[in-house]
Amino acid sequence: MIDKVANVLLNPKFVNFANNTTYTVTTESLFKATGRPVAIMMDNNVDEKTRKYAATKEGLYQLLCLGIYLTMIPFIFQKYGFKLAQKILKGDKDLPAFKNAAEYLNYAKLAKMEKKDRQGHKLLSKISDTLKISKEDKLTLKEHLLKDDKPPAFPAAKGAIELSNLTGTVIGLAWIASELSNHILHPLMRGLRFEEKKKSNTINIKG
Amino acid sequence: MTTPFQKQFKNLCMNLGKNNKALYGALTIAVSKGILRPTFTMMDKKQEKDSRKYTAFREGLTGAVAFGSYLITDAGVEKLAKHIAEKSNHLKELPKMKSTLSLITVSLTALFVIPAICNAATKPLMNALLPKKETKRIPQQPLPRKEIAQPNFQGYSTPYHFKNFYNSGMKIGGV
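As you go down the protein sequences, you meet chains C and V in turn.
Taking the numbering used here, the leading residue of the first sequence gets 1, the next gets one more, and so forth.
Taking the numbering used here, the leading residue of the second sequence gets 1, the next gets one more, and so forth.
Isolated chain V, as found in the complex (with noise of 0.2 angstroms):
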C-alpha cells in the first residue's frame, strides 16, 4: 500500500534520477544562501552595523541576481541545445546535451555575470532601499576658548625678574 506522501516522494526521486540538471543545484543554493547567509550576517555583532547592513544587502541581491540569471540563462540553454542537436542529428540525445551545457552556461554565470550585476547594483539600489543616515550638521562656530584667569599685579607688569630668572645674573662656575 502506497501512501500519497510515498507516491509525490517516488516520483520526485525518479525525475531528480532521470534528469538531474545543474540547474537545480545552484538554485537551491541562491535560494538558501539568499535568506540564510543575510540572516546570519545581521546576526553577526562583531561587525559594525553599517557594515553588515551592506554586507547583507549585497548577499540578498547576490542570492536574487544568482536565482534570476540562473533561470535566463537556463532557458537560452534549452534553445541553444536543441539547435545544436537538431543540427548535428543529436536529437535523441538532447536531455544529455542539455545537462552539459546547463553546467557551461551555470558556472559561467557564477563566474562573470552575477558579480557583474551585483557590481552595478549594490550602490544604487542600496541607496534607493536602505533609508540614509541622517548627520546633524555641526554650525560652523570657532571653539569655545576656555578663559584663563591672568594674575593681578596690581597696576605693574609681570614682573620681569620671574621670567629671566633662569637666563639672567652671574652664572658660578663659568660653565
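Bound conformation, chain C alone (with noise of 0.2 angstroms):
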C-alpha cells in the first residue's frame, strides 16, 4: 500500500506539475473558487440571500483572479522578471543569455528526458544553435543536449521564472484582481441580478 502512494507521489509528471508555481496557483484557484462558495452557502449565522451574493460573488473573484493569473503571468512577469534576473546575474554562469524565458523552460524540458529520447525532438529546433554556458565552453548547449547524460540544469534560470511568477502572483492576484473585481464584479452582479443599479447591497447576520 505504502510503495503505491510513494509511486504516485513520485510519479514524474506529477512531480513536474508540483514544482511548477503556474500549475499550483491554478489547482489552488479552481480549489478556491469551488470550495468558498460551498462554504458560504453553508454559513447559517448569514440569510440565504446574503449567502447566494457572497458566494456568487467569491466564485466570480475566484474566476476572475484565475484569469489574470494566467494571461498576466506568462506573457509579462515571467517574461520581463526573466529578462530583469539575466540583466542582474549578467555574466553568470548559472544563468546563460537564453533568449527569453520560453527558450530556457524548453531546454529544461529536453535536459529532463532520456539522452535517447532528446535526438530528433522537434523541441530541440527552439533552441538555439550558438549558444553557451560561457566562452570558455567548448560545447553549445544544444551539444551538451545531445552529448550529455546529464546537462546542466540551471537552477538559477528556474529560480528566476519561479520568482517572477511569485511577484506576478502579489502584483496580478493580490493588487490589479482586487482593483478590477471592483469594476467588473458589480455589473456582473447586476447583470445576474444579484445587485440593483444604485442601491447598494447590504449583508444581513443574523442576530
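There could be a bad hint or two in this list.
What the hints assert, rightly or not - Calculated pairs, DSS-like style, for lysine-lysine (alpha carbon to alpha carbon, straight line, at most 30 angstroms): (1) K109/C - K142/C; (2) K109/C - K82/V; (3) K87/V - K150/C; (4) K123/V - K49/C; (5) K10/V - K132/C; (6) K18/V - K79/V; (7) K147/C - K87/V; (8) K142/C - K18/V; (9) K4/C - K18/V; (10) K49/C - K53/V; (11) K150/C - K53/V; (12) K79/V - K112/C; (13) K18/V - K13/C; (14) K147/C - K53/V; (15) K7/V - K150/C; (16) K10/V - K115/C; (17) K109/C - K10/V; (18) K79/V - K138/C; (19) K109/C - K7/V; (20) K92/V - K4/C; (21) K109/C - K147/C; (22) K142/C - K87/V; (23) K112/C - K87/V; (24) K18/V - K150/C; (25) K116/C - K92/V; (26) K99/C - K13/C; (27) K52/C - K49/V.
Claimed, not checked - Sample of chain C residues at the chain V side, in silico, Cβ under 7 angstroms: (28) L10; (29) T24; (30) E103; (31) L105; (32) A160.
Rather than coming from a laboratory, the hints here were simulated on the basis of the structure.
Don't be surprised by glycine CBs; every beta carbon is placed ideally from N, CA and C.
Now that you have both chains on their own, put them together as the hints suggest.
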C-alpha cells in the first residue's frame, strides 16, 4: 500500500506539476472557486439571499483571479522577470544568455528527458545553435543536450522564473484583481440580478 | 565582480529553482490578499459601510487563517513524507515527495480547512473585535395624532342633507 502511495507521489509528471508555480496556483484557485462559495452557502449565520450574493461574488472573484493569473503571468511577469534576472546576473554561468524564458523552459524540458529521447526531438529546433554557458565552454548548450547524459540544469534560471511568478502573483492577484473586481464584479452581479442599479447591497448577519 | 545584492539574488533564485514548494505560492497569496483585499474592499464605495466591514473582516481573517493553516499542514507534510519515504525506501527522493504531498495538502486546506475555520470564527470574532453599532431605542409611545379642526355649527348637528346629498331625494329618469 505504502509503495503504491510512494509511486503516485514520485510520478515524474506529478512532481513536475507540483514544482511549477503556475500549475499549483491554478489548482489552488480552482479549489477556492468551488470550495469557498460552497462554504459560504453553508454559513448559517447569514441569511440565504446574502449567502447567494456572497457565494456568487466569491466564485466570480476567484475565476477573475485565475484569468488574470493565466494571462498576465506568462506574457508579462515571466517574460520581463526573466530578462531582469539576466541583467542582474549578467555573465553568471548559472544563468546563461537564453533568448527568453520560453527558450529556457524548452531547454529544461529536454534536459529532463533520457538522452535517447532528446535526439531529433522537435523542441531541439527551438534552442539556439550558438548559445554557450560561457565563452570558455567548448560545447554549445544544444551539443550538451545531444552528448551529455545529464546536461546542466541551471536552477538559477528556473528560480528566476519562479520568483517572477511569485511577484506576479502578488501584483496580479492581490492588487490588480482587487482593483478590477470593484469595476467588473458589480456590473456582472447586476447582470445576474444580484444587485440593483444605484442600490447598495447589505449583508444581513443574523442576530 | 558581484555585489551583495547580486549574491543574495542569486541565492534566492538557486533556492527557488532547486526546491520550489507549492507552499511558497500559497503563503505569498495568503499574505498579499490578506492585506490588500480588505483595503480595496473598504475603498469600494458602492457597498454599504456595514457590508464593507463584514466583507473586509472576512477577507482579512481568511488571509490570516490561510497563512497559519498552510504552515501547520506543511509541518505535517514534512513528517508524513519522511515516514512514507522511509517505509518505501525512497529516502533519496524525499524532496520530490515533499513537493507533491505539499500540493495535495495545500489544495485540501484551501478547499475544506480554511472555509470551515472562517465559517466558525467570523461571527464570534467580529462580535468580539468590532464595536457594535448602538441603536437608539425609541420609547414606546403612541404616535402623535394630528388634531383635525371640527366645523362649528353653533349648537346644531352636522347638517344631514349634506351627508346624504347624493343618496337621497327624487331620482329623475328612473334609473
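Each hint, compared with the structure:
Of the pairs offered as hints, the one joining K109/C and K142/C holds, with about 13 angstroms between alpha carbons and a cut-off of 30 angstroms not exceeded. Distance restraint check for K109/C and K82/V: the Cα-Cα separation of roughly 28 angstroms lies within the 30 angstroms cut-off, and the hinted pair is therefore satisfied. For the proposed pair K87/V and K150/C, the alpha carbon gap of about 29 angstroms is at most 30 angstroms, so the pair holds. Taking the CA atoms of K123/V and K49/C, the gap is near 17 angstroms; set against the 30 angstroms cutoff, the hint holds.
At most 30 angstroms may separate the alpha-carbon atoms for a hinted pair to count; K10/V and K132/C meet this at roughly 20 angstroms. A threshold of 30 angstroms between alpha carbons decides the hint, and for K18/V with K79/V the separation of about 20 angstroms falls inside it, so the pair holds. Of the supplied pair hints, the one linking K147/C and K87/V is violated, its CA atoms being roughly 37 angstroms apart against a limit of 30 angstroms. At most 30 angstroms may separate the alpha-carbon atoms for a hinted pair to count; K142/C and K18/V meet this at roughly 22 angstroms.
Of the pairs offered as hints, the one joining K4/C and K18/V holds, with about 26 angstroms between alpha carbons and a cut-off of 30 angstroms not exceeded. Under the criterion of a C-alpha separation no larger than 30 angstroms, the hint pairing K49/C with K53/V is consistent with the structure, at around 18 angstroms. Under the criterion of a C-alpha separation no larger than 30 angstroms, the hint pairing K150/C with K53/V is inconsistent with the structure, at around 56 angstroms. Taken as a hint, the K79/V and K112/C pair is honoured in the structure, with Cα atoms around 28 angstroms apart against an allowance of 30 angstroms.
Of the pairs offered as hints, the one joining K18/V and K13/C holds, with about 17 angstroms between alpha carbons and a cut-off of 30 angstroms not exceeded. Distance hint between K147/C and K53/V is unfulfilled; the C-alpha atoms sit about 63 angstroms from each other, more than 30 angstroms. Straight-line distance between C-alpha atoms of K7/V and K150/C comes to about 26 angstroms, which keeps the hinted pair within the 30 angstroms bound. With a C-alpha separation of about 29 angstroms, the suggested pair K10/V and K115/C falls inside the 30 angstroms cut-off, and the hint holds.
Restraint check for K109/C and K10/V: satisfied, since their Cα atoms lie roughly 22 angstroms apart, inside the 30 angstroms limit. With a C-alpha separation of about 45 angstroms, the suggested pair K79/V and K138/C falls outside the 30 angstroms cut-off, and the hint is violated. At most 30 angstroms may separate the alpha-carbon atoms for a hinted pair to count; K109/C and K7/V meet this at roughly 27 angstroms. Of the supplied pair hints, the one linking K92/V and K4/C holds, its CA atoms being roughly 17 angstroms apart against a limit of 30 angstroms.
At roughly 16 angstroms between alpha-carbon atoms, K109/C and K147/C fall within 30 angstroms of each other, so this suggested pair holds. Under the criterion of a C-alpha separation no larger than 30 angstroms, the hint pairing K142/C with K87/V is inconsistent with the structure, at around 40 angstroms. Taking the CA atoms of K112/C and K87/V, the gap is near 27 angstroms; set against the 30 angstroms cutoff, the hint holds. Restraint check for K18/V and K150/C: the C-alpha separation of about 16 angstroms stays at or below 30 angstroms, so the hint holds.
For the hint linking K116/C to K92/V, the alpha-carbon distance of about 25 angstroms falls within 30 angstroms, and the restraint holds. Between K99/C and K13/C the CA atoms are separated by roughly 26 angstroms; this keeps the pair inside 30 angstroms, and the hint holds. At most 30 angstroms may separate the alpha-carbon atoms for a hinted pair to count; K52/C and K49/V meet this at roughly 20 angstroms. At a threshold of 7 angstroms, the smallest CB-CB gap from L10/C to chain V is about 6 angstroms, leaving the interface hint in force.
Given hint, T24/C at the interface with chain V, holds; its Cβ is 4 angstroms from that chain's nearest Cβ, closer than 7 angstroms. Taking 7 angstroms as the C-beta contact cut-off toward chain V, the hint placing E103/C at the interface is violated, the least distance being around 16 angstroms. Annotation: interface hint on L105/C violated; nearest CB of chain V at approximately 12 angstroms, more than 7 angstroms. Proximity of A160/C to chain V holds as hinted, the smallest CB-CB distance being about 5 angstroms (cut-off 7 angstroms).
Of the numbered hints given earlier, the model fails hints 7, 11, 14, 18, 22, 30 and 31; all others are met.
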